[in-house]
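Could you build the full structure based on these sequences and the hints that come with them?
Top to bottom, those sequences are chains H and L.
Position one of the first sequence corresponds to residue 1 (our numbering), numbered consecutively onward.
Position one of the second sequence corresponds to residue 1 (our numbering), numbered consecutively onward.
Any given hint could be a false lead.
To be verified - No more than 30 Å apart at the CA atoms, straight line, and that leaves these computed lysine-lysine pairs for DSS-like:
#1 L:LYS18 to H:LYS45
#2 L:LYS129 to H:LYS77
#3 H:LYS147 to H:LYS77
#4 L:LYS31 to H:LYS45
#5 L:LYS153 to L:LYS137
#6 L:LYS31 to H:LYS73
#7 H:LYS73 to H:LYS147
#8 L:LYS129 to H:LYS73
Unchecked claim - Residues from chain L that face chain H, not an exhaustive set, calculated with beta carbons under 10 Å:
#9 LEU13
#10 LEU16
#11 GLY19
#12 MET20
#13 LEU22
#14 THR23
#15 HIS26
#16 PHE27
#17 PHE28
#18 LYS31
#19 THR33
#20 CYS112
Calculated directly from the structure, the hints in this document are not laboratory data.
Every residue, glycine too, gets a C-beta built ideally from N, C-alpha and C.
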Amino acid sequence: MTELLQYLQNLLGVAWLPIWTLVKILVIVVPIMLTVAYLTLAERKVIGYMQVRIGPNRVGYFGLLQPLADGLKLLLKEIIIPSGSNKFLFIIAPVLALTPALAAWAVIPFADGMVLADVNAGLLYILAMTSLGVYGIIIAGWASNSKYAFIGSLRSAAQIVSYEIPMGFALVCVLMVSQSMNLGDIVLGQKSSVGLFGWYFIPLFPMFVVYFISGVAETNRAPFDMAEGESEIVAGFHVEYSGMAFALFFLAEYANMIMIAILTAIMFLGGWLPPFDIAPFNLLPGIFWLLAKTSFVLFLFLWFRATFPRYRYDQLMRLGWKVFIPLTLVWVVVIGAWMQTPYWLW
Amino acid sequence: MEKISNFFKTFLLLELVKGMALTGRHFFARKITVQFPEEKTPQGFRFRGLHALRRYANDEERCIGCKLCEAVCPAMAIHIETEERADGTRRTTRYDIDLVKCIFCGLCEEACPVDAIVETRILEYHGEKRSDLYYTKPMLLAVGEKHEEQIAKDKASDAKFR
Chain H
1 MTELLQYLQN LLGVAWLPIW TLVKILVIVV PIMLTVAYLT LAERKVIGYM
51 QVRIGPNRVG YFGLLQPLAD GLKLLLKEII IPSGSNKFLF IIAPVLALTP
101 ALAAWAVIPF ADGMVLADVN AGLLYILAMT SLGVYGIIIA GWASNSKYAF
151 IGSLRSAAQI VSYEIPMGFA LVCVLMVSQS MNLGDIVLGQ KSSVGLFGWY
201 FIPLFPMFVV YFISGVAETN RAPFDMAEGE SEIVAGFHVE YSGMAFALFF
251 LAEYANMIMI AILTAIMFLG GWLPPFDIAP FNLLPGIFWL LAKTSFVLFL
301 FLWFRATFPR YRYDQLMRLG WKVFIPLTLV WVVVIGAWMQ TPYWLW
Chain L
1 MEKISNFFKT FLLLELVKGM ALTGRHFFAR KITVQFPEEK TPQGFRFRGL
51 HALRRYANDE ERCIGCKLCE AVCPAMAIHI ETEERADGTR RTTRYDIDLV
101 KCIFCGLCEE ACPVDAIVET RILEYHGEKR SDLYYTKPML LAVGEKHEEQ
151 IAKDKASDAK FR
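Right, here's the structure in full:
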């Protein structure tokens with residue numbers, strides 16, 4: 001394997017680095033896209049099962065070809081561009097929503113050393129990238145030249161921006177505890193002789209809950225899905241979109257969901273670390289544990305959607321500004337004080 | 001005191017956990033979906049589906065053209081024209097049911113003195129245009145001939161309740 005890589009490196013010369021990086025990017029992006037596709041199926045199945053139905057099972061065995069059929073349908077549909085819209089921005093908006101969702105994956109460590117870009121300010125990069133996604137939403141609402149799309153985009157933009165603050169504060173706690181912004185170091189900081197009791201969700205439990213709930217709100221998922229709200233308003237910022245342009249918004253939403261899930265796994269649930277560092281657990285590769293934790297968090301996303309009724313908009317804002325922000329601020333101080341005492345064990 | 005305990009309960013998210021436990025239990029519950037073309041829900045013998053006109057065992061049609069069904073039909077979906085046949089009896093020349101208008105109330109079946117018009121158990125039929133759902137006398141008689149066995153059995157089951 002190394003000989004083959006060495007041979008290719010000599011063959012390609014200067015072109016080696018971009019090509020090799022491109023290969024790595026493909027290795028990350030293609031599985032993400034497949035996960036996104038099958039997450040839609042998993043969502044329909046899980047919600048169906050929780051509603052005592054069985055969900056899609058006609059297209060392929062167990063409905064396994066359903067995402068392909070849905071994707072093909074959306075590809076073949078016409079993209080209608082409203083006559084009064086700003087055509088350039090209308091087309092670029094879904095791209096702007098999807099790109100940051102995928103770009104954030106560059107710094108995610110899948111196992112020890114398995115990372116595309118081992119950036120020291122990885123956490124900062126992630127915060128920057130997830131914040132950029134809101135531009136896609138604002139531009140989509142504005143470029144549609146429709147008052148409904150515009151109001152919808154303002155509502156979801158306000159929601160995303162509001163929940164970014166408690167999310168940021170929750171990450172500040174992680175940052176204080178791990179003393180590093182490098183995601184790989186954050187995971188290694190959770191390594192201890194007591195296995196899962198060393199993970200950050202124990203000392204930071206309130207932050208873990210706040211981060212996850214804010215993540216649900218940040219990705220516009222139920223019970224905070226005012227942006228889509230299929231049972232009352234049909235759609236928010238993407239009412240005027242159809243076909244593949246519409247599908248891109250959905251890809252972005254699901255890619256963001258997976259992103260939040262994997263970040264929760266990395267920062268609070270010990271990333272690629274096994275729950276106990278003994279024989280049957282530590283024989284499995286780290287990436288298995290990371291994916292298992294991510295799937296668990298994703299299942300929670302679907303479970304929430306099947307369980308909770310939608311928040312009212314003012315309640316949503318109240319939760320974000322009047323509950324989460326004070327709570328996270330208090331916990332930053334508590335953690336800071338706690339770390340100065342000899343009772344700090346992490 | 002209650003206010004304080006409520007405050008802490010809110011922060012412990014107890015109600016949310018209870019709700020999730022409920023949906024979590026249903027996740028493993030037996031599913032009630034009926035897989036339609038392969039599985040079907042049970043039908044009663046009084047099921048009111050597609051209409052049929054019946055004949056006697058000697059192939060004589062039952063309908064005597066009394067127009068009671070036409071009179072009772074609340075949707076005015078039945079249209080009947082009659083004539084005197086060569087043997088002196090009254091028979092229909094037209095017996096049309098517009099299934100687009102029909103509300104499947106079963107009053108025509110109730111009104112019929114000779115059990116000529118009946119509603120069968122058939123529910124899987126369709127028309128590609130509206131006129132396909134305008135059933136004429138030969139079409140209704142054909143339905144009756146095809147399903148006479150089932151119709152007679154359902155009528156017999158119902159007889160003891162009348």
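Okay, the hints, checked on the actual structure:
1. The suggested pairing of L:LYS18 with H:LYS45 holds, with an alpha-carbon distance near 22 Å, which does not exceed 30 Å.
2. A hinted pair counts as satisfied when its Cα atoms are at most 30 Å apart, and L:LYS129 with H:LYS77 qualifies at roughly 27 Å.
3. Restraint check: the Cα-Cα separation between H:LYS147 and H:LYS77 comes to about 24 Å, which is no more than 30 Å; the hinted pair holds.
4. Distance restraint check for L:LYS31 and H:LYS45: the Cα-Cα separation of roughly 12 Å lies within the 30 Å cut-off, and the hinted pair is therefore satisfied.
5. At roughly 23 Å between alpha-carbon atoms, L:LYS153 and L:LYS137 fall within 30 Å of each other, so this suggested pair holds.
6. As the CA atoms of L:LYS31 and H:LYS73 are separated by approximately 29 Å, the hinted pair is consistent with the 30 Å bound.
7. Restraint check for H:LYS73 and H:LYS147: the C-alpha separation of about 28 Å stays at or below 30 Å, so the hint holds.
8. At most 30 Å may separate the alpha-carbon atoms for a hinted pair to count; L:LYS129 and H:LYS73 meet this at roughly 27 Å.
9. With 10 Å as the threshold, the beta carbon of L:LEU13 comes within range of chain H, its nearest partner Cβ sitting at about 7 Å, so the hint holds.
10. Taking 10 Å as the C-beta contact cut-off toward chain H, the hint placing L:LEU16 at the interface holds, the least distance being around 7 Å.
11. Interface restraint check: L:GLY19 against chain H, minimum CB-CB distance 5 Å, threshold 10 Å, status holds.
12. Interface restraint check for L:MET20: the shortest CB-CB distance to chain H comes to about 5 Å, inside 10 Å, so the restraint holds.
13. This hint holds: L:LEU22 has a C-beta 7 Å from the nearest C-beta of chain H, less than the 10 Å allowed.
14. Interface restraint check for L:THR23: the shortest CB-CB distance to chain H comes to about 4 Å, inside 10 Å, so the restraint holds.
15. Proximity of L:HIS26 to chain H holds as hinted, the smallest CB-CB distance being about 5 Å (cut-off 10 Å).
16. Annotation: interface hint on L:PHE27 holds; nearest CB of chain H at approximately 5 Å, less than 10 Å.
17. Using the Cβ-Cβ criterion of 10 Å, the hint placing L:PHE28 at the interface with chain H is satisfied: the shortest such distance is roughly 8 Å.
18. The closest approach between the C-beta of L:LYS31 and any C-beta of chain H is roughly 5 Å, which is under the 10 Å cut-off, so the hint is satisfied.
19. A hinted interface residue such as L:THR33 counts as satisfied when its beta carbon comes closer than 10 Å to some beta carbon of chain H; here the least separation is about 5 Å, so the hint holds.
20. Contact between L:CYS112 and chain H, as hinted, is not supported at the beta carbon level, the nearest pair being about 41 Å apart and thus beyond 10 Å.
Figure legend: structure checked against the earlier numbered hints; the only hint not met is number 20.
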